[in-house]
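Novice: Okay, here's what each chain looks like letter by letter:
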Amino acid sequence: MKKYIHDFEIIENREINEGHFVLVVKLSEPLPPVFPGQFAEVKIEGSPNTFLRRPLSIHDVDYAANTISLLVQRKGDGTTHLGTFKPGDTLNMVYPLGNQFHIGSAGEKVLLVGGGCGVAPLLYLGKILAKNGIKVTTLMGARKGDQLMEPEQYQRNGELLITTEDGSEGTKGFVIHHEIWRERNFAFDRVYTCGPDAMMKAVARLAARNNVPCQVSLEQTMACGVGACLCCVVDTTTGHRCTCTDGPVFDASELKNWID
Amino acid sequence: MKKYIHDFEIIENREINEGHFVLVVKLSEPLPPVFPGQFAEVKIEGSPNTFLRRPLSIHDVDYAANTISLLVQRKGDGTTHLGTFKPGDTLNMVYPLGNQFHIGSAGEKVLLVGGGCGVAPLLYLGKILAKNGIKVTTLMGARKGDQLMEPEQYQRNGELLITTEDGSEGTKGFVIHHEIWRERNFAFDRVYTCGPDAMMKAVARLAARNNVPCQVSLEQTMACGVGACLCCVVDTTTGHRCTCTDGPVFDASELKNWID
Amino acid sequence: MKPLLEVNIHKLLLKNPVMTASGTFGYGPEFEDFYDPSVLGGIVVKGTTGQLRQGNPYPRMAETPMGMLNAVGLQNKGVDGFIKDIYPKISHYNTHMIVNVSGSTVEEYIEVAEKINALEHIPAIELNISCPNVKEGGMAFGTSCPSAIAVTQAVREVYKKTLIVKLSPNVTNIAEMALAVEGAGADAVSVINTLLGMAIDAETRQPVLSTITGGLSGPAIKPVALRMVWQVSKAIKIPVIGLGGIMTATDAIEFLLAGATAVQIGTANFIDPAVGPKIIAGISDYLERHQIADVRSLIGGLRTS
Amino acid sequence: MKPLLEVNIHKLLLKNPVMTASGTFGYGPEFEDFYDPSVLGGIVVKGTTGQLRQGNPYPRMAETPMGMLNAVGLQNKGVDGFIKDIYPKISHYNTHMIVNVSGSTVEEYIEVAEKINALEHIPAIELNISCPNVKEGGMAFGTSCPSAIAVTQAVREVYKKTLIVKLSPNVTNIAEMALAVEGAGADAVSVINTLLGMAIDAETRQPVLSTITGGLSGPAIKPVALRMVWQVSKAIKIPVIGLGGIMTATDAIEFLLAGATAVQIGTANFIDPAVGPKIIAGISDYLERHQIADVRSLIGGLRTS
Ligand SMILES: Cc1cc2nc3c(=O)[nH]c(=O)nc-3n(C[C@H](O)[C@H](O)[C@H](O)COP(=O)(O)OP(=O)(O)OC[C@H]3O[C@@H](n4cnc5c(N)ncnc54)[C@H](O)[C@@H]3O)c2cc1C
Ligand SMILES: Cc1cc2nc3c(=O)[nH]c(=O)nc-3n(C[C@H](O)[C@H](O)[C@H](O)COP(=O)(O)OP(=O)(O)OC[C@H]3O[C@@H](n4cnc5c(N)ncnc54)[C@H](O)[C@@H]3O)c2cc1C
Ligand SMILES: Cc1cc2nc3c(=O)[nH]c(=O)nc-3n(C[C@H](O)[C@H](O)[C@H](O)COP(=O)(O)O)c2cc1C
Ligand SMILES: Cc1cc2nc3c(=O)[nH]c(=O)nc-3n(C[C@H](O)[C@H](O)[C@H](O)COP(=O)(O)O)c2cc1C
Ligand code: FES
Ligand code: FES
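Residue numbers (the numbering used here), protein chains in the order written: chain A, 1 to 260; chain B, 1001 to 1260; chain C, 2001 to 2305; chain D, 3001 to 3305.
Bound-form chain A, shown alone (with noise of 0.2 Å):
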């Protein structure tokens, strides 16, 4: 797939809950195609401390507005900066990067579990899934019920279940404690999971108990989102693979010391 860097124009900065914003950028020429679970390198200029850029998940696409959005949780230096851009700003993205969540087929059931901000891929996953004819679900986790990620906008997917560490809103605990996970429950031919590390292998752990595939998103630190410098990646059944070009999307049964 043919990769742009393009200037966009923030056209929202819309801040979604403490410490998470969503970026809404538009293109003045029409989108080139991008896919669910793809990535941007996006230059965060008046950031003195962040030299690199930063890689985002497309969380959202709009092709009739001709918008791109992100959905960022504000971390360091450079996200938080980040926060600070306005309507009008330019943001420069190297887009659409890495490999995409592959996609069953009309009439399948499938799980996406997000934990914190790791539902920033899911929501445009689940758009592609429902217009597919796939039936999903989604299983939104945060700590507490003031830190979910508008959930609103994923129900438009389908069906979403919740869980909060705290209680304060759906299921209480983590997303792996939800009772759709009883095997009496599930009924699911496909999972996809983004988010913490040990939330994604206890996920991918659920999905292999219950024979099902499972798709992770990873989040390696990056230098380059193109291949060239080789600082991504992650260790597979075969052998160092590079997070930006054969993923961020692997198989969790790919992935060394994943599923035990």
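Wrong hints could be hidden among the right ones.
[What the hints assert, rightly or not] Derived DSSO-like pairs: lysine-lysine, alpha-carbon spacing no greater than 27 Å straight-line:
# : chain 1 : residue 1 : chain 2 : residue 2
1 : B       : Lys1075   : A       : Lys26
2 : C       : Lys2135   : A       : Lys256
3 : D       : Lys3160   : D       : Lys3089
4 : D       : Lys3135   : D       : Lys3089
5 : B       : Lys1002   : D       : Lys3084
6 : B       : Lys1075   : C       : Lys2135
7 : A       : Lys26     : C       : Lys2278
Don't read these hints as lab results, they were simulated from the structure.
Start from chain A and add chains B, C and D with the ligands according to the hints.
Specialist: Frame of chain A; chains B, C and D with the ligands shown alone:
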């Protein structure tokens, strides 16, 4: 004089001609004493190639409004980025730094000669001189008429003379070509000058020829601004001296190789 | 009239002095979406060793002030893998494809150089005696004169085309190292590889890199690189290829003025994958603006009196 | 309970591990408007030589990516000028005042050290064998083991208090240099002085500095400095004082974890003249947050397994 590190609020960013702007910055507590000829070391946040602070002259002080003005030329990354600062933004300054212009006694007639952005310290100087009963003539040089630096401001302090290289305003030529320098016209007790080194040297020689003292304000590259690093030295009759603490104002006669 | 941009590195005539640095440009195809790699003066591909290598464990990268540390550790398919899988995909590029040759032993360097010597479309190798990220060999060869001489001489015997040696900056006297490899038969030197550095995560109290130390690159090292290019170019007669922190055409020109005949763009490719042609165009603009007809007259043109 | 911040450098008990670096803090009074210098763990004053020196011609400074080059070249009043004019103004500070001793010959180092030895309120000297900005002596002493040993031994014979030796980073093997000066009688080492670098103005085609090359400092060099502190602290038994690019308390903690017993703040003083107490407070906050009672337990506490 006590030095401070203060956060100022930007009240106004006024474009005065192509390449130059005036920042008016306000302090939330009462301003400390600041004297003509002194400067501030300004932190330019958000400019990745601007590691050190930037020295900028005190252009004006308004104790009633509790503001300081800076007249800035867009030279490189730092000053260009500073030009994007908006009212409401914060500007951190270490100030007031350096010595000050020597003010003579009431009744003196003095000539202030500024080239380009070098007029910056002469506005506040003229104001204080006039307040002290000294008769001020300001001679301002620019490349073209539309490159003059808010000439009307200087008229408040006394007479204003203008030279432009293309003759589009005032006398055609450099400041040293103005007829005021002719022996029969020259009627000043003291000369003050700030601008490019070559201009200041020529002015200092004309002052010397007319047998009056000439104070020059130097712009040596600085790192600390407080006399700690010894980077900003100038060669004087008493050896290397720091522009940031022994200057920026020197008597031209102290400087080596200035007046032959 | 457009200024002339051609320069010579030994037998190679480069269409312009801008190459890309080993390990930062993959093999070329990674950047084809951004521009045609054939516009470059040359491309130095990833370090190639005798056998396939997995490199170091993750994490391999740490961002630092205006720079980055890497600890990739020569992950590559090995020389046979290169010849079989990669060479066919890049031999059509209309620019000089240069293989960065690495190893743990003199024998390994010889083996790789000999095999590369047989490839028609590879007119030169860059001998990497300066990789800070491998346990054996690598930088060790590049930090003592006798071992640098030994490996250069050994490779020189089997390698008949243009032999570039890439020097390590982690030495007391880089000019001495350059003189040593010049004497041992090098046709040119590349100056510099990465500076050995380290990053620590204060919160976890752990090193950021799996290997604890790694190689520092990017603008942070530019002043050191410039100084070394200047020292080396004064000491030796063979051409110097300058690199270390070049981000813009102005940076590149500084290296030429310091004495480099050509430059390589490394880390900058990560920040702007389309930077190569911009630097070439920027050099051309500078020459026009300064009314310099030929880029060669910039080389070593620093005015120091 | 507030965490304990005291550390020992040989016979000196520092109230906290934060000192200021030679050449970046003047003699202390320059910063009195911003804070009381006595809150610091120690102050290393400007390099002091046998005779008054004018230093190098202007320009002496060039800004670089996240750093700066300086070519001050030991401008100072000479040891007699120091004793007469400066010492009386700083001997009341309630912190350790350390004189950075520089010279062109072993005899000059001895002369300065002997005179400083007689000053009651100077409990230590820092032997600067690493100044890159003087034509004779300076860095030359610090880039070869025999000469580093010679000057350290000679000074050791006449200097009876705490003797710190400041090492040059411009060497192939810094651990070897540290071992050499430890053997020669040093009580502690400071790691690192500036990296030799260079800046060029592409428009004028001239070097920015009057001396062409100068010393690189600031955040740009932090990864190299951290690596050297780590290498040195593993090699020697005497305490290491870490410096190079420290801007924040987090940076300082990284140096302690790498093995430094104390740190020095250099270029950061230019960016924020009030940074000293902020770094001290930041270290204290970190210790509280991590429930560490004594800063000493951070020293060399890097988790590397
Ligand atoms: C393929 C991919 C997709 C991602 N998608 C999103 C997303 O949609 N939304 C989102 O908020 N975040 C996403 N991330 C993570 C995001 O890239 C980091 O949070 C961001 O780079 C931190 O930058 P910073 O300057 O704010 O923090 P820094 O100060 O740089 O670092 C803060 C912490 O984040 C870690 N980190 C720094 N750089 C990276 C990097 N390049 N990759 C991974 N971790 C890093 C560091 O180890 C450090 O502990 C994604 C990462 C990857 C690799
Ligand atoms: C005491 C003093 C008072 C000054 N007052 C004013 C003023 O009132 N208004 C104004 O516009 N300018 C003033 N200057 C000059 C101003 O400091 C520089 O123009 C500014 O630092 C350039 O920063 P930059 O990042 O835009 O450019 P850079 O990219 O840093 O440099 C552009 C050019 O400016 C020169 N320069 C860079 N830093 C300095 C420095 N610290 N001092 C001097 N020259 C430098 C460089 O040699 C370079 O050629 C003053 C300088 C001094 C020393
Ligand atoms: C991720 C990465 C991988 C590298 N791999 C190699 C390599 O395989 N062989 C080599 O000689 N140099 C390698 N280098 C060093 C670069 O070629 C170059 O010498 C160095 O990065 C300095 O230039 P720069 O500052 O422009 O990046 C690598 C550098 C980076 C950042
Ligand atoms: C302007 C300047 C002057 C310096 N003068 C001296 C000196 O006289 N003696 C010395 O040992 N080090 C001197 N240094 C080096 C510093 O003490 C310190 O080792 C170096 O700057 C690295 O630390 P930093 O990055 O925190 O500045 C000087 C550094 C600078 C920037
Ligand atoms: S980030 Fe460079 S190869 Fe993946
Ligand atoms: S700028 Fe540091 S002494 Fe003047």
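Novice: What are the numbers of the hints that this structure violates, sorted from low to high?
Specialist: 1, 4, 6
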